[in-house]
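Chains as they are written, first to last, in the working numbering: chain L, 1 to 214; chain F, 1 to 214.
The set of hints was computed from the structure by calculation and includes no laboratory data. For every residue, glycine included, the Cβ atom is placed at its ideal position computed from N, Cα and C. Be aware that a few hints might be false.
If you anchor each label on the Cβ, the simulated ranges turn out as follows [to be verified]:
| # | chain 1 | residue 1 | chain 2 | residue 2 | range |
| --- | --- | --- | --- | --- | --- |
| 1 | F | E203 | L | D37 | 19 to 27 Å |
| 2 | F | R154 | L | R88 | 31 to 39 Å |
| 3 | L | D32 | F | H39 | 21 to 29 Å |
| 4 | F | D34 | L | E194 | 37 to 45 Å |
| 5 | F | R154 | L | D183 | 51 to 59 Å |
There are 2 protein chains.
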Amino acid sequence: MRMYGNWRSAAAFRVRIALKLKGIPYEETFIDLDAGDQHRPEFRAINPQGAVPALFDGEGPPLTQSLAILDYLEETHPSVPLLPADPRERARVRSLAQVVACDTHPLYVPRVRNHLMGAYDLPRDRMMDFVRHAFATGLTALEARLSTEPGTGRYAQGDRLSHADLCLASLWVGTAIFDVPTDAYPTVRRIAEECLSQPAFMEAHPKRQPGAPA
Amino acid sequence: MRMYGNWRSAAAFRVRIALKLKGIPYEETFIDLDAGDQHRPEFRAINPQGAVPALFDGEGPPLTQSLAILDYLEETHPSVPLLPADPRERARVRSLAQVVACDTHPLYVPRVRNHLMGAYDLPRDRMMDFVRHAFATGLTALEARLSTEPGTGRYAQGDRLSHADLCLASLWVGTAIFDVPTDAYPTVRRIAEECLSQPAFMEAHPKRQPGAPA
Chain L
1 MRMYGNWRSA
11 AAFRVRIALK
21 LKGIPYEETF
31 IDLDAGDQHR
41 PEFRAINPQG
51 AVPALFDGEG
61 PPLTQSLAIL
71 DYLEETHPSV
81 PLLPADPRER
91 ARVRSLAQVV
101 ACDTHPLYVP
111 RVRNHLMGAY
121 DLPRDRMMDF
131 VRHAFATGLT
141 ALEARLSTEP
151 GTGRYAQGDR
161 LSHADLCLAS
171 LWVGTAIFDV
181 PTDAYPTVRR
191 IAEECLSQPA
201 FMEAHPKRQP
211 GAPA
Chain F
1 MRMYGNWRSA
11 AAFRVRIALK
21 LKGIPYEETF
31 IDLDAGDQHR
41 PEFRAINPQG
51 AVPALFDGEG
61 PPLTQSLAIL
71 DYLEETHPSV
81 PLLPADPRER
91 ARVRSLAQVV
101 ACDTHPLYVP
111 RVRNHLMGAY
121 DLPRDRMMDF
131 VRHAFATGLT
141 ALEARLSTEP
151 GTGRYAQGDR
161 LSHADLCLAS
171 LWVGTAIFDV
181 PTDAYPTVRR
191 IAEECLSQPA
201 FMEAHPKRQP
211 GAPA
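So here's chain L without its partners, still in its complex pose (with noise of 0.2 Å):
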C-alpha cells in the first residue's frame, strides 16, 4: 500500500499503526502541512478536501478519513483483530475512537489553527489556548470513562488493543507536541504509555517520521 502522509498528523499515525500491527506492507509520502503541499493540484487530485491520511490499495481508488480506513484495514485484513466481535463491544470501541477523532483531533488541525489566527486576529498563544481547551475536554471525557466504565482493562477496552486504543495514543503524543497538562488524566495515560512502549506504537511513531524535527 501507499499512504500519503505526515509525521505530526495524529490521523495518519493512527493509520500507521493499524498497517504495522497487520504486518502490512507499505510506502508513505511525506506531506508537508506546514509548507501547504495539501492544497497543491497533485494532491488535491487525490484527496479534494486536501487532507490527510490517504492510502492507496493497489489500484483503486485513495481511501481517506482515518477513522474509514480502520475500518477497511479491518474489513480486509481481519487476521490481527483491532476490533472486538460483539456488537457492544465494537460499539464503544468505535464511541471511545470517536471521542478522539470526532469530537477533540478535527478542532486543532491546521486549517482550524489557521483560521482562527487569521480570520479573529488572534495571536499564537491565544489560538493555543483553543487547542489546549480541545485537548483538554477530549481527554476529560476519555478519563471519566475509562476510568468508570467495566469494560476497559489493561487497554481501552478489555486486554486487546482496538482502534479506540489506537485513537488514544494519537491524542496523547500530541500533548507533548502542543504541551498540554496531563495529569488529571491518569487512567488515558496508563492507557497511552501501554501502548507506546510497543513496537508497532514506536515504529509509527511522529518523532520517527521523514519531517520529523530531529
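We have chain L; now place chain F onto it with these hints.
For chain F alone, coordinates are given in the frame of chain L:
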C-alpha cells in the same frame, strides 16, 4: 430502544433516520441543550461526555457517538442495509460520512460555540462566522468529491441509501438552522433534497421533534 436526543442535534437526527429506515421502535427523551441539561448529574451518569445522542438497547449500557451507533444498528439490524457490501464502497461511504461527522459538525456544536463566545469575547455574529466557515469547508469538500467521484449516484454512494446520506442530510438541515449560503453545492443539494423528501427523513426531521420551535 430509548434515545436521549435533542430536536436540533445533527447527530441525533442521523440516528433517528437509521432507526426509522430499519423499522426499529424507539422512544426519545428530549435533552434541553440550551438549558444545559446535558451537564446535569442525571445525564452525565448516562454519558460522561455530556453529549447527545445516547441510545439504550434493552438492559445494556448506553451507546454513544452517532457513527458508532449507526454501525451498531447495522450490525444488529442488517435487514435494511445502510452500508454497501463491498469494502471499498463501505470505505467511501464512511469517509464521506466522516467529512461531516468528524471534520465539520464537531466545529459548531454548542460547547464550541459557547467557548468561542466566552473565552474570546466574540459577539454572536462573529462566532457565527466561525460556524459558517465550518459549514462552507465541509460542504466544499463534499461537493468536490460527490461531483467528481464515479461512486456517486442517485445517493452519495450509488442508488442505495447509506450512512453518507444520513450525515449529508443532517448537515444540509443545519444550513437552514444556521443560515448558511448553499448555492455553491448543487450536488449536495440534489442528494439532500432526494433524501429529505422521503418519509423516514421527514419523520425524523428536527422540525418535527419535541422541543422544536413552532
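Hint-by-hint comparison with the structure:
no.: 1; hint: E203(F) with D37(L): 19 to 27 Å; in the structure: 46 Å, violated
no.: 2; hint: R154(F) with R88(L): 31 to 39 Å; in the structure: 34 Å, holds
no.: 3; hint: D32(L) with H39(F): 21 to 29 Å; in the structure: 41 Å, violated
no.: 4; hint: D34(F) with E194(L): 37 to 45 Å; in the structure: 40 Å, holds
no.: 5; hint: R154(F) with D183(L): 51 to 59 Å; in the structure: 53 Å, holds
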